[in-house]
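**Student:** Sequence:
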Amino acid sequence: MALKKGWVSETWDEGFPRYVWHREGTVLYEARHTRGPIGTFHAYPIEPFQSPNGLDL
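Everything in the sequence shown is counted per the numbering used here, starting at 10 for the first residue and increasing by one.
Because the hints were derived from the structure by calculation, they are not lab data. Keep in mind the model is a prediction, meaning the values are calculated, not measured. Errors might be hidden in some of the hints.
What follows is a set of in silico ranges between Cβ atoms, one per label pair, in the way DEER data are often shown [claimed, not checked]:
| # | residue 1 | residue 2 | range |
| --- | --- | --- | --- |
| 1 | Gly15 | Val36 | 15 to 21 Å |
| 2 | Pro57 | Glu23 | 25 to 31 Å |
| 3 | Gly24 | Ala52 | 25 to 31 Å |
| 4 | Ile55 | Phe25 | 17 to 23 Å |
Virtual Cβ for every residue (Gly too), placed ideally from N, Cα, C.
Could you build the full structure based on these sequences and the hints that come with them?
**Tutor:** Rendered as structure tokens:
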């Protein structure tokens, strides 16, 4: 869903966005592409002020 909505960073690693953002209810998450298996992300909750400018979540 984040890809379709454009909630991804401009920087990509190995064909995947470095960062992806998602809102689940009132909680905002940021996921980072890891250096583990290709396509693996690690997600963690962030505060709204930590989201990128212009990101309409």
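**Student:** Using the Cβ atoms, figure out if Gly15 sits within 15 to 21 Å of Val36.
**Tutor:** holds, 20 Å
**Student:** The hint says 17 to 23 Å between Ile55 and Phe25; measuring C-beta to C-beta, is that right?
**Tutor:** Once the Cβ atoms are compared, 19 Å apart, the range 17 to 23 Å for Phe25 and Ile55 holds.
**Student:** Confirm or reject the claim that Pro57 and Glu23 have a C-beta distance inside 25 to 31 Å.
**Tutor:** For Glu23 against Pro57, whose Cβ atoms are near 29 Å apart, the range 25 to 31 Å holds.
**Student:** Kindly confirm whether 25 to 31 Å is satisfied by the beta carbon distance between Gly24 and Ala52.
**Tutor:** violated, 19 Å
Of the numbered hints given earlier, the model fails hint 3 alone.
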